[in-house]
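Visitor: One letter stands for each residue in the lines below.
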Amino acid sequence: MIALIEDWLKRASLDVQEYVRLLGATARGMVTQPIYRHDIIEQFDAIGVASLTVVLLTGFFTGAVLALQSGLTLDQFGARPVVGRLVSASMIKELGPVLTGLMLSGRVGSGIAAELGSMVVTDQISALRALGTDPIRKLVVPRVLAGVLMAPVLTVVSDFVGIVGGWIVARYQLQVATGLYWSSIWQALYMQDIWMGLIKPFVLGFVIVTIACHVGLRTTGGTQGVGKSTTEAVVAGSVGVIAVDFFVTRVLISLMY
Amino acid sequence: MIQELADRAVVGGVADEPDRPVVVFDHVSLAFDDKVILKDVSFTLLSGRTKIILGASGAGKSITLKILLGLLKPDSGAVWVNGQRTDELAEEDMMEVRANLGMVFQEGALFDSLTVRENVGYRLYEETDMPLDDVDRRVEEVLGFVGLAEFAERMPSALSGGQRRRVAIARAMAAKPQILLYDEATTGLDPMTAMTVDDEIIKLRDIEEVSSILVTHQLRDAFYIATHAAVRQGNGDVRIVPADREKERESEFLMLRDGLIIFEGDAETLRRSKDEYLKTFLS
Chain A
1 MIALIEDWLK
11 RASLDVQEYV
21 RLLGATARGM
31 VTQPIYRHDI
41 IEQFDAIGVA
51 SLTVVLLTGF
61 FTGAVLALQS
71 GLTLDQFGAR
81 PVVGRLVSAS
91 MIKELGPVLT
101 GLMLSGRVGS
111 GIAAELGSMV
121 VTDQISALRA
131 LGTDPIRKLV
141 VPRVLAGVLM
151 APVLTVVSDF
161 VGIVGGWIVA
171 RYQLQVATGL
181 YWSSIWQALY
191 MQDIWMGLIK
201 PFVLGFVIVT
211 IACHVGLRTT
221 GGTQGVGKST
231 TEAVVAGSVG
241 VIAVDFFVTR
251 VLISLMY
Chain B
1 MIQELADRAV
11 VGGVADEPDR
21 PVVVFDHVSL
31 AFDDKVILKD
41 VSFTLLSGRT
51 KIILGASGAG
61 KSITLKILLG
71 LLKPDSGAVW
81 VNGQRTDELA
91 EEDMMEVRAN
101 LGMVFQEGAL
111 FDSLTVRENV
121 GYRLYEETDM
131 PLDDVDRRVE
141 EVLGFVGLAE
151 FAERMPSALS
161 GGQRRRVAIA
171 RAMAAKPQIL
181 LYDEATTGLD
191 PMTAMTVDDE
201 IIKLRDIEEV
211 SSILVTHQLR
221 DAFYIATHAA
231 VRQGNGDVRI
241 VPADREKERE
251 SEFLMLRDGL
261 IIFEGDAETL
271 RRSKDEYLKT
281 FLS
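Protein chains in written order, with the numbering used here: chain A, 1 to 257; chain B, 1 to 283.
Calculated from the structure, these hints are not laboratory results.
There could be a bad hint or two in this list.
Okay, the calculated bits of chain B under chain A, using three or more residues with CB under 8 Å as the criterion [claimed, not checked]:
| # | region |
| --- | --- |
| 1 | 117-127 |
| 2 | 187-200 |
Listed next, the in silico BS3-like pairs over lysine-lysine satisfying Cα-Cα at most 30 Å (straight line) [stated by the list, open to error]:
| # | chain 1 | residue 1 | chain 2 | residue 2 |
| --- | --- | --- | --- | --- |
| 3 | A | K10 | B | K39 |
| 4 | B | K73 | B | K35 |
| 5 | B | K279 | B | K247 |
| 6 | A | K228 | B | K66 |
| 7 | A | K10 | B | K279 |
| 8 | B | K66 | A | K138 |
| 9 | A | K228 | A | K10 |
| 10 | B | K176 | B | K247 |
Glycine residues also receive a C-beta, built at the ideal position from the N, C-alpha and C atoms.
Sequences and hints are given; from them, build the entire structure.
Guide: In structure tokens:
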């Protein structure tokens, strides 16, 4: 039993060490030549633009259902007109960043782990190195840059369509006047909330992509290993999003409120 | 002896000098945990020659190539490539050494997301400042060499197994390396397709004068490559013909068993060996 625990601890430490080394190599790759600009642009498209549909749908329906549910509760206190305030605060501060993070973890994290994992098991990563290319610079740096910079953009989009979804429900289901809905949002929106909603996705994007790259690059065991890495990237990325969200929220509250 | 050869490689320095050692393995050992992969392996590859590494699965053949390419580091011993000691080099410094090495991986290891043209010209497009027109010309030249000029715009998934290997050979030779490494280049191919790949290897050795190390357990291919030569005819065409005895001696066999070298010599010596393991392996 002790041997098993010891073995698990060793593997976990090695994993953390490898992850930290990957982060170090990625940081170096971002500030030194060569930089593969074409790959960076490609990844902005693959991670950012291609994730737009899933983020739009998730944001819209989350905002709508939030308005629907909170409308019922607010009715008990005669506070139905402030439904906009509740929807916007929830979306901007918490649900927008976290749900976008979870969607990215599912769509982007799995894709990265599967792609890099397949390249490892088919020797394409070794071939890259043999051809004089550093796989971290060519594959990891563009994905991390795209993840870190596109996650906030997607979050803003998600926040906006979520509030629009909430407005549609508030207007046509809860019969809240349009002016009242939007003015309640405007009155309740504080700068700290916006900062919180903008800072979080940078960190979440970084966590999702670096975990997926790390898991993908240490894939072993053929196609079965690729499947395992893909699942692991989604699970670790999703748990990472929730956990990191808590810690970042805690830090931001102590700094800004 | 090995040290002397390594020194000669440094002092010689001229790429096309005949019989110059281009690869030197000096008492190289490697183990993964308790499993010994290579044990005190030493050999030398001379310029323009071929070294054929034979052995059963798990004997350490592919690992030898990976160490040579710097993808793995040995636990002990030294490796020289073109006179430069590589086992102590950092990854960034290895990139320069790899410019003189081309590798054909098992199954080809072509990049799925790139066309045949982009695969073949990868190093030239991405890692050099060569003008695009020149790169395109070189890509067409090497694709013509392996007889796949008309496949330039296809994706690797649209190629047969044999075509993929030939594209992999074209990719490895595109940047004109002095040394080519073949890791099971014909494994899994039917005999006819395997022979076309063998012919490309022979042509590269005899027409382009590339030094090569071949890892295989396909005896038919190994002996075919060792006992045939490519000659350019008056009309410019290249023909594959049986090699004379002297030419045969330029291809050396090296047999690995459980990480140890158990035989080193030419095709004829290998055929006449009385060693029981070798006789079983060759039968």
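Visitor: If a hint holds in the structure, say so; if it does not, say that too.
Guide: Now the hints, each set against the structure:
no. : hint            : verdict
1   : 117-127         : holds (count 4)
2   : 187-200         : violated (count 0)
3   : A:K10 / B:K39   : holds (27 Å)
4   : B:K73 / B:K35   : holds (16 Å)
5   : B:K279 / B:K247 : holds (24 Å)
6   : A:K228 / B:K66  : holds (26 Å)
7   : A:K10 / B:K279  : violated (45 Å)
8   : B:K66 / A:K138  : holds (21 Å)
9   : A:K228 / A:K10  : holds (20 Å)
10  : B:K176 / B:K247 : holds (23 Å)
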